[in-house]
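There are 2 protein chains.
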Amino acid sequence: MKKEKISNNVIRRLPRYLRRLDELTDAGVSRISSTELGQLLGFTPSQIRQDFNCFGEFGQQGYGYNVPALREQIAGILGMDRGYKAVLIGVGHIGRALIDNFCFSEWGINLVQAFDVDTDLIGKEFSGVHVSSVEDLTAYLKKNKVDIVVLAVPRDVALSTAEMLIDNGVHAIWNFTNVELVEPDSPVIVENVHFSDSLLALSYYVSDAYDSKKLKK
Amino acid sequence: MKKEKISNNVIRRLPRYLRRLDELTDAGVSRISSTELGQLLGFTPSQIRQDFNCFGEFGQQGYGYNVPALREQIAGILGMDRGYKAVLIGVGHIGRALIDNFCFSEWGINLVQAFDVDTDLIGKEFSGVHVSSVEDLTAYLKKNKVDIVVLAVPRDVALSTAEMLIDNGVHAIWNFTNVELVEPDSPVIVENVHFSDSLLALSYYVSDAYDSKKLKK
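Residue numbers (our numbering), protein chains in the order written: chain A, 1 to 217; chain B, 218 to 434.
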């Protein structure tokens with residue numbers, strides 16, 4: 001596979017391609033043109049061709065893309081075939097939603113363990129994921145290779161928990177705390193799920209639609 | 218305020234500016250240069266100046282930006298001062314996390330009511346938000362102006378619920394269902410919080426760091 005530096009915008013689009021390709025596979029579609037794929041996603045065919053050109057050749061001029069092959073390539077680029085191990089810290093509402101309703105394995109990630117401070121939760125198992133005490137986390141991280149930590153602790157302990165994790169060799173955090181965990185130049189990879197950023201973007205689009213009379217106030 | 222078409226990339230950056238400006242305000246900082254702001258955010262000063270130029274002049278050459286004024290302008294662009302009303306549908310784990318731990322009012326949004334099918338939840342109140350039966354939703358939407366619907370129902374009823382909402386005049390959905398609700402050309406504004414897209418981007422960055430030896434496997 002040709003590997004060039006892929007822009008963040010392309011990377012952000014890859015999961016959307018992947019989901020559409022999964023839907024197409026489910027619907028029994030095995031070949032699709034960039035025009036058709038573009039219509040499904042709201043992208044222009046040239047944008048799609050440009051995106052896929054970033055990481056090699058998937059299509060054949062005039063024949064369209066082979067859906068399963070393209071899907072497999074994108075999954076590979078995204079690292080879904082690498083068997084990454086994740087642990088979850090914080091089994092509150094968000095943590096439980098992730099354990100119970102979000103299918104990590106569908107995306108190639110093994111959620112192997114959860115940690116919490118709540119003695120009512122410690123020792124329990126949710127959807128096959130065991131909850132251990134955070135007191136055991138340091139020892140766990142020493143013994144086990146963890147690729148991704150899912151951080152879903154309350155805001156007020158977000159920073160201290162992140163510091164502890166980084167001190168113990170964690171290098172990738174999926175951050176649900178709505179707190180900025182590291183400075184921009186940190187070598188730690190932090191992927192933020194900032195609910196507020198998403199809500200404010202929505203608020204902007206609603207305002208724009210009201211102002212342009214696309215929506216009735 | 219000058220109003221031009223603002224690109225999606227700029228809109229996505231605005232909430233990040235806003236959060237940093239809030240932090241600066243809390244720290245008592247009232248003026249900041251584009252260089253300093255850029256360091257905090259990991260942007261170049263020229264990118265910052267370019268972003269802010271999209272929607273008017275905030276800074277004065279050589280004097281930097283007035284933090285509270287800039288914050289107020291960005292909040293205005295994002296529609297935070299418009300008193301938008303939101304209702305939540307689905308008081309499961311994600312719904313509860315949003316009600317209890319996410320401060321809608323901090324972002325100018327009033328979460329006025331929640332709806333669920335679970336009779337154990339109907340009639341209850343969480344963090345001041347009353348839970349009604351979804352059976353009352355249609356009547357509620359007829360009587361009350363709702364700017365944003367927060368959709369946190371299970372996957373298998375996501376599409377049918379969205380259809381019902383749109384049939385009843387809902388035009389903006391904050392979507393936590395991990396399901397694509399509308400086609401790209403729909404007039405309905407859907408802001409997706411697709412956890413999988415975020416996780417897969419993280420998975421890509423981790424893979425890239427392993428491959429480039431920035432991280433030890």
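In case anyone wonders, no lab produced these hints; they're calculated from the structure.
Don't be surprised by glycine CBs; every beta carbon is placed ideally from N, CA and C.
Careful, some of the hints might be misleading.
Unchecked claim - Below, computed lysine to any residue pairings styled on SDA-like, alpha-carbon distance capped at 25 angstroms:
#	chain 1	residue 1	chain 2	residue 2
1	B	Lys359	A	Cys54
2	A	Lys214	B	Tyr422
3	A	Lys217	B	Glu289
4	A	Lys5	B	Asp353
5	B	Lys430	A	Lys213
6	B	Lys430	A	Lys216
7	A	Lys214	B	Lys430
8	A	Lys213	B	Lys433
9	A	Lys214	A	Glu183
10	A	Lys216	B	Val405
11	B	Lys433	A	Asp185
12	A	Lys214	B	Asn327
To be verified - Label-pair ranges, simulated between beta-carbon atoms:
#	chain 1	residue 1	chain 2	residue 2	range
13	B	Lys433	A	Gly28	51 to 59 angstroms
14	A	Pro68	B	Ala286	53 to 61 angstroms
15	A	Asn8	B	Asn361	36 to 44 angstroms
16	A	Asn8	B	Tyr280	17 to 25 angstroms
17	A	Val182	B	Thr242	31 to 39 angstroms
18	A	Ala27	B	Ala286	47 to 55 angstroms
19	A	Val117	B	Asp243	25 to 33 angstroms
20	A	Val182	B	Lys433	32 to 40 angstroms
Stated by the list, open to error - So, partial list: chain B residues that the calculated Cβ filter (under 8 angstroms) puts toward chain A:
#	residue
21	His310
22	Ile326
23	His388
24	Leu398
25	Pro401
Could you tell me which of the numbered hints above are not met by this structure, giving the numbers in increasing order? 1, 2, 4, 5, 6, 7, 8, 9, 13, 16, 17, 20 and 24
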